[in-house]
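Residues -22 to -1, 1 to 131 (mature numbering (1 follows the signal peptide of the UniProt record, and there is no 0)) are what the sequence shown spells out, left to right.
Think of the hints as simulated: they come from the structure by calculation, not from any bench.
Please read these numbers as outputs of a predicted model, since none were measured by experiment.
Keep in mind that the hints are not guaranteed to be accurate.
Said to hold, decoys possible - Using C-beta positions, here's what the derived DEER-type ranges look like:
hint : residue 1 : residue 2 : range
1    : S(-20)    : V20       : 54 to 62 Å
2    : I78       : S42       : 13 to 21 Å
3    : P79       : G53       : 14 to 22 Å
Ideal placement from N, C-alpha and C gives every residue a C-beta, glycine not left out.
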Amino acid sequence: MRSLLFSLAALAVSLTFSGCLTTTVADSGGPGSVTVPNSNWVSISAAANAAFAQHGYTPTPSSSMDTLAYDKPAGAFGQLMYGSYGQSTTYRVHVQIVQIPGTNDYRLIPRVSRVNNAGSAGFESKTRMMGFWAGQFGPILKQVAEQAGNANG
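Work the whole structure out from these sequences, hints included.
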């Protein structure tokens, strides 16, 4: 019986890891990720700045060359859920821009965090939010893909 359970567990682990190794870049990134066809970094950046501004986000410095970052203050419910006395709460989305090898296509991958005391040097506290939160940025990133797509054509 143990041998059977061990075999099933080993099979499940091997299938899980083999699936990770066969995912193409064009299909990677998780919830909310989109592919921008035949574009360039400058067009994507300009389209992202415009699209996120329409939804109330402001650009913020990013720690990576291939990532754009945007902040938006949390509303009353966000403050109630994640805030604390005397601390402001902000949602921060990092949009990683990954070129698909051998093409002019780019994959936009959102990552979401909530930040307490955003912009306060030394007092900023960032907590990464679960992957499903990134799914809400799918429509914004699709708008970016429509505006920046085929910029090289």
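Is 14 to 22 Å right for how far apart the beta carbons of P79 and G53 are? violated (40 Å)
Cβ distance range 13 to 21 Å for I78 and S42, holds or violated: Given about 18 Å between the Cβ atoms, the range holds.
Can the suggested window of 54 to 62 Å be confirmed for the beta-carbon pair S(-20) and V20? Holds: the Cβ-Cβ distance is about 59 Å, inside 54 to 62 Å.
Consistency with the previously given hints fails for number 3 only.
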